[in-house]
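Be aware that the sequence shown starts at 1, since it is given in this note's numbering, and climbs by one per residue.
Just so you know, the hints here were simulated from the structure itself, not pulled from any lab data.
Cβ coordinates follow ideal geometry from the N, Cα and C atoms, glycine included.
Take these hints with a grain of salt, some might be off.
Stated by the list, open to error - Okay, derived cross-link-like pairs now, DSS-like style, lysine-lysine, Cα gap no bigger than 30 Å in a straight line:
| hint | residue 1 | residue 2 |
| --- | --- | --- |
| 1 | Lys37 | Lys94 |
| 2 | Lys287 | Lys140 |
| 3 | Lys321 | Lys287 |
| 4 | Lys204 | Lys140 |
| 5 | Lys234 | Lys333 |
| 6 | Lys317 | Lys106 |
| 7 | Lys37 | Lys106 |
| 8 | Lys140 | Lys108 |
| 9 | Lys321 | Lys333 |
| 10 | Lys286 | Lys204 |
| 11 | Lys140 | Lys286 |
| 12 | Lys204 | Lys37 |
| 13 | Lys297 | Lys140 |
| 14 | Lys106 | Lys235 |
| 15 | Lys333 | Lys235 |
| 16 | Lys235 | Lys317 |
| 17 | Lys317 | Lys333 |
| 18 | Lys321 | Lys297 |
| 19 | Lys286 | Lys297 |
| 20 | Lys235 | Lys334 |
| 21 | Lys269 | Lys235 |
To be verified - Label pairs and their in silico Cβ distance ranges:
| hint | residue 1 | residue 2 | range |
| --- | --- | --- | --- |
| 22 | Arg303 | Asp61 | 41 to 49 Å |
| 23 | Gln93 | Asp128 | 25 to 33 Å |
| 24 | Asp270 | Arg103 | 54 to 62 Å |
| 25 | Arg345 | Lys317 | 14 to 22 Å |
| 26 | Asp259 | Gly102 | 34 to 42 Å |
| 27 | Gly223 | Asp315 | 32 to 40 Å |
| 28 | Gly223 | Arg103 | 28 to 36 Å |
| 29 | Ser350 | Glu242 | 37 to 45 Å |
| 30 | Ser350 | Asp270 | 15 to 23 Å |
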Amino acid sequence: MAVVLILYSVFLNPPNSMPTIEQILGNTKNGAVAQNKELTLADIFDKTETGVVRINVKRPDTDARGVGGVGSGFVYDSQGHIITNDHVVENAQKLTVTFLDGRSYKAKVIGKDPFTDLAVIKVNASSDALTPLPVGNSSKLRVGEQIAAIGNPFGLSGSMSSGIVSQVGRILPSQDRGFQIPDIIQTDAAINPGNSGGPLLNMKGEVVGINTAIQSDNGIFAGVGFAIPANTVKKIIPVLIENQTYHHPWVGISGRDVDPDLADVLHLKDARGFLVINVLDDSPAKKAGLRGTNQTKEADGVRYQIGGDLIIGVDSKIVRKIDDILIHLQREKKVGDQMILQVLRDGKVSDIVITLNERPVTNNNSTTINPTNSTQR
1 MAVVLILYSV FLNPPNSMPT IEQILGNTKN GAVAQNKELT LADIFDKTET
51 GVVRINVKRP DTDARGVGGV GSGFVYDSQG HIITNDHVVE NAQKLTVTFL
101 DGRSYKAKVI GKDPFTDLAV IKVNASSDAL TPLPVGNSSK LRVGEQIAAI
151 GNPFGLSGSM SSGIVSQVGR ILPSQDRGFQ IPDIIQTDAA INPGNSGGPL
201 LNMKGEVVGI NTAIQSDNGI FAGVGFAIPA NTVKKIIPVL IENQTYHHPW
251 VGISGRDVDP DLADVLHLKD ARGFLVINVL DDSPAKKAGL RGTNQTKEAD
301 GVRYQIGGDL IIGVDSKIVR KIDDILIHLQ REKKVGDQMI LQVLRDGKVS
351 DIVITLNERP VTNNNSTTIN PTNSTQR
């Protein structure tokens with residue numbers, strides 16, 4: 001059975017119109033990238049290589065030979081902030097950042113967010129020595145669009161691979177934290193252990209994702225890789241730099257998507273929506289009056305839980321499956337916001353207004369919403 005693996009590795013540390021001013025002047029640094037021109041893969045590497053780093057991690061379990069973790073990252077700004085994955089720097093005692101030209105710096109963790117697997121670390125380097133990479137708009141990604149990944153697979157510094165965007169809006173289950181990361185980019189670009197935290201780039205040289213995981217039986221890339229979208233980075237990272245942590249909104253329900261079999265049991269015309277099975281105590285959903293299932297029904301030898309609220313819309317957007325709610329929360333909502341769920345209850349559609357509280361850090365698998373039929377796990 002294929003599993004989703006975080007990409008952290010263990011190695012021995014070894015023009016027809018007038019151009020704008022910005023287009024004329026550009027960024028004179030070596031890592032500058034034209035914003036409106038598609039580049040070749042070789043051009044992209046030349047323009048971005050100085051902004052991609054190798055991160056060596058020493059942890060309590062690092063042995064006397066110096067065996068430690070290796071991940072990737074990229075320069076975010078001229079103040080020395082570097083973006084990587086939370087799982088790369090987790091439990092780190094010492095961080096060393098190395099640029100492709102061999103320059104190395106000690107780094108410290110500035111902020112972490114396990115719910116999106118993002119982290120910010122910082123090096124004390126002059127702004128002239130840093131080449132921030134531009135962060136693009138991941139909402140504009142199209143399936144089939146060519147992309148490139150740069151990182152340190154198996155500790156091989158400065159490696160580049162290319163592929164396409166296989167799909168967007170995936171849900172990535174966490175292996176050990178009991179929650180899902182929404183709005184994930186799927187790619188077939190070769191991504192392997194050591195690529196974690198490295199940039200996924202479009203053909204303009206903009207960062208459109210942060211490589212984070214693969215789906216594999218043996219830990220080796222098998223054609224399915226995942227990246228955190230750039231728009232999530234733009235939402236989370238500035239808050240981490242300022243406050244060291246990010247507070248995510250929380251609903252507090254679990255349930256399942258409606259498939260054709262469940263739709264027949266519920267006498268629904270269309271197989272869409274999310275059936276609430278459990279509502280957690282003291283959660284925003286509980287306070288708003290959302291209801292879980294309270295009875296069972298057998299059909300074709302299968303026992304189904306029924307009687308719970310069926311969520312068919314969120315803030316006037318159609319809910320076809322749980323992904324729609326999770327992505328809406330990630331993109332549009334913050335703690336304290338209200339969210340209107342369109343719910344089918346006892347044959348009638350009604351609106352339930354939920355005030356979103358902060359998601360608990362430890363939730364015992366009681367995440368914002370926990371789909372039981374995720375195809376990603």
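Hint-by-hint comparison with the structure:
no. : hint                          : result
1   : Lys37 <-> Lys94               : violated, 40 Å
2   : Lys287 <-> Lys140             : violated, 37 Å
3   : Lys321 <-> Lys287             : holds, 23 Å
4   : Lys204 <-> Lys140             : holds, 13 Å
5   : Lys234 <-> Lys333             : holds, 14 Å
6   : Lys317 <-> Lys106             : violated, 47 Å
7   : Lys37 <-> Lys106              : violated, 35 Å
8   : Lys140 <-> Lys108             : violated, 33 Å
9   : Lys321 <-> Lys333             : holds, 18 Å
10  : Lys286 <-> Lys204             : violated, 46 Å
11  : Lys140 <-> Lys286             : violated, 36 Å
12  : Lys204 <-> Lys37              : holds, 6 Å
13  : Lys297 <-> Lys140             : violated, 44 Å
14  : Lys106 <-> Lys235             : holds, 26 Å
15  : Lys333 <-> Lys235             : holds, 11 Å
16  : Lys235 <-> Lys317             : holds, 22 Å
17  : Lys317 <-> Lys333             : holds, 14 Å
18  : Lys321 <-> Lys297             : holds, 22 Å
19  : Lys286 <-> Lys297             : holds, 24 Å
20  : Lys235 <-> Lys334             : holds, 10 Å
21  : Lys269 <-> Lys235             : violated, 38 Å
22  : Arg303 <-> Asp61: 41 to 49 Å  : holds, 45 Å
23  : Gln93 <-> Asp128: 25 to 33 Å  : holds, 30 Å
24  : Asp270 <-> Arg103: 54 to 62 Å : holds, 58 Å
25  : Arg345 <-> Lys317: 14 to 22 Å : holds, 19 Å
26  : Asp259 <-> Gly102: 34 to 42 Å : violated, 54 Å
27  : Gly223 <-> Asp315: 32 to 40 Å : holds, 36 Å
28  : Gly223 <-> Arg103: 28 to 36 Å : holds, 35 Å
29  : Ser350 <-> Glu242: 37 to 45 Å : holds, 39 Å
30  : Ser350 <-> Asp270: 15 to 23 Å : holds, 19 Å
Against the hints set out earlier in the document, violations occur for numbers 1, 2, 6, 7, 8, 10, 11, 13, 21 and 26.
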